[in-house]
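Asker: The primary structure of each chain is shown beneath.
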Amino acid sequence: MGRKTPLFALHQELGARIVDFGGWDMPVQYASQIAEHHAVRRAAGVFDVSHMCVVDLEGPRVRAFLGALLANDVGRLKTPGKALYSCLLNERGGVIDDLIVYFLTESFFRVVVNAGTRDKDLAWIRRHAAAYGVAVTERTDLAMLAIQGPEARARAAQLLAAADREAALALPVFVGRELGGWFVARTGYTGEDGFEIMLPAAAAVPAWRHLNELGVASCGLGARDTLRLEAGMNLYGHEMDESTDPLESGLAWTVALEPPGRAFIGRAPLEAIRAAGGPARKLVGLLLEDRGVLRSHQKVLVAGAGEGEITSGTFSPTLERSIAFARVPAATAGRVQVDIRGKLLNAAVVKPPFVRNGQSLVT
Amino acid sequence: MSNVPADLKYTKSHEWVRTLADGSVEIGITDHAQHALGDLVFVEVPEAGRAVKADEACAVVESVKAASDVYAPLAGEITAGNPKLADAPETVNSDPYGEGWLMRMKPAAGAVAAAGLISAADYQKVLEAEGA
Chain A
60 MGRKTPLFAL
70 HQELGARIVD
80 FGGWDMPVQY
90 ASQIAEHHAV
100 RRAAGVFDVS
110 HMCVVDLEGP
120 RVRAFLGALL
130 ANDVGRLKTP
140 GKALYSCLLN
150 ERGGVIDDLI
160 VYFLTESFFR
170 VVVNAGTRDK
180 DLAWIRRHAA
190 AYGVAVTERT
200 DLAMLAIQGP
210 EARARAAQLL
220 AAADREAALA
230 LPVFVGRELG
240 GWFVARTGYT
250 GEDGFEIMLP
260 AAAAVPAWRH
270 LNELGVASCG
280 LGARDTLRLE
290 AGMNLYGHEM
300 DESTDPLESG
310 LAWTVALEPP
320 GRAFIGRAPL
330 EAIRAAGGPA
340 RKLVGLLLED
350 RGVLRSHQKV
360 LVAGAGEGEI
370 TSGTFSPTLE
380 RSIAFARVPA
390 ATAGRVQVDI
400 RGKLLNAAVV
410 KPPFVRNGQS
420 LVT
Chain B
909 MSNVPADLKY
919 TKSHEWVRTL
929 ADGSVEIGIT
939 DHAQHALGDL
949 VFVEVPEAGR
959 AVKADEACAV
969 VESVKAASDV
979 YAPLAGEITA
989 GNPKLADAPE
999 TVNSDPYGEG
1009 WLMRMKPAAG
1019 AVAAAGLISA
1029 ADYQKVLEAE
1039 GA
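Protein chains in written order, with the numbering used here: chain A, 60 to 422; chain B, 909 to 1040.
To be clear, the hints were calculated from the coordinates, so they are not data collected in a lab.
We put the CB at the ideal spot given by N, CA and C, even for glycine.
The reader is advised that the hints may include incorrect statements.
[To be verified] Partial pick of chain A residues on the chain B-facing surface, computed with a CB cut under 8 Å:
id	residue
1	T285
2	S355
3	H356
4	K358
[Stated by the list, open to error] Restricting the straight-line Cα-Cα distance to at most 25 Å, the calculated cross-link-like pairs of lysine to aspartate or glutamate (DMTMM-like) are:
id	chain 1	residue 1	chain 2	residue 2
5	A	K358	B	E934
6	A	K63	A	E379
7	A	K402	B	E998
[To be verified] If you want the footprint, here are the derived chain A segments under chain B, 3+ residues with CB under 8 Å:
id	stretch
8	191–199
9	345–352
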């Protein structure tokens, strides 16, 4: 058996099918993955993301530390509570993990990293934090809920004390703050508006039940995966890992090469790739034109340019057709073929996201 | 509790087999199987005229999450793949023993006896052994 979040018994009570995810026993779906997906696109759903690893970083030199550690530039974080998405790179420019970092005070930043990479991330962060005198604290005392969908913020605000609701609803996109002992952030991984809430573990079950009473659907990791894929968001271990760099993973926008003087781990190899004319491969979206379902590791054939591979694929409940991410030769454009069980099916190359705020962006 | 009709034969790999009046057989996946797979979004059925061996993968059912093979419970020749499933794969979820059938086939000589199909009661035991 794997590790369990404070909500594990409740998931079982609610009839969830439990699967292993990065060493954790997590709900993949309750009654219907497609119904859960639509609940988030059309109203509101709640996900248990307590398996993700919250790490507090404290010390007077914490900003300088993160400036050296992360490919994106924490110098961009000027307002307390503001969040930034970044890759954590190794010296070769490979992606150790992707994470969200919150600027809380000049001596206190918080990062949230993936469950499956927790141990190596913590080891890497601690190894580099020592030189900056930064204290690294894993917040295993917290649970985390993601409440997502067009109705999510209005309903989730009902969990808060009346005096805190207005402040929660006033949070700008990608900003979080402490409210009544909970950390409430307007972030997510679905392409919809919503909150991610970090709260004491003991408060998680009552909060979840209250959300259900407010009409927020319990949603599993299955729906989370189809939602993030439609939203054009990468999943660590699929779109990128230590053998790929952010430039060939659709994440060039998260690599801050300005200012030129900021020496971060992995910078030199990325600059060398840029200087040599850019990466040989790129990450694209695919929209299957024939019937079938694109899946990770299927081969992509690009006329005149070579071959690529699907990194994540699924049936899109919103578009009612199959979509995917694929890593393909840089020259790829227009149309490709995908080998599905020996049959060559046609797919259009598109720029993700496929869906944002409930609307299709590709058809 | 899964629905296991008493008048059908089963395989341990969760297919059901119905013998039709003309001696051909209709094949689908069980209620337990459709429930375990979740919402089906794509079904690939074999074409009429294809000869299949027992235990040969001959259809594919795909849920949002994964693709799963369906195996021929016995040897024979495919006489039809269910044409409705191309547009309505969810029929396998809603009516696994009826409109959601996958294929029909004409068994090879002696194939039904050789297939080792099990009764509804024995299939129920298989499910219990799997903790279903």
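Asker: Work down the list of hints and note, for each, if the structure agrees.
Answerer: Hints versus structure:
A distance limit of 8 Å between C-beta atoms decides the matter here; for T285/A the minimum to chain B is near 6 Å, and the interface restraint holds. Proximity of S355/A to chain B is violated relative to the hint, the smallest CB-CB distance being about 11 Å (cut-off 8 Å). Interface hint at H356/A: violated, since its Cβ lies 12 Å from the closest Cβ of chain B, which is beyond the 8 Å cut-off. Hint status for K358/A relative to chain B: violated, with the closest Cβ pair at about 15 Å, above 8 Å.
Note on K358/A and E934/B: the hinted pairing is violated, with a Cα-Cα distance of about 34 Å set against a maximum of 25 Å. Distance restraint check for K63/A and E379/A: the Cα-Cα separation of roughly 34 Å exceeds the 25 Å cut-off, and the hinted pair is therefore not satisfied. With a C-alpha separation of about 23 Å, the suggested pair K402/A and E998/B falls inside the 25 Å cut-off, and the hint holds. With a cut-off of 8 Å between beta carbons, the stretch 191–199 of chain A has 0 residues touching chain B; three or more are needed, and the interface restraint is violated.
Figure legend: the stretch 345–352 of chain A, annotated as covered by chain B; annotation consistent (3 residues with Cβ-Cβ distances under 8 Å, at least 3 required).
Figure legend: structure checked against the earlier numbered hints; hints not met, in rising order: 2, 3, 4, 5, 6 and 8.
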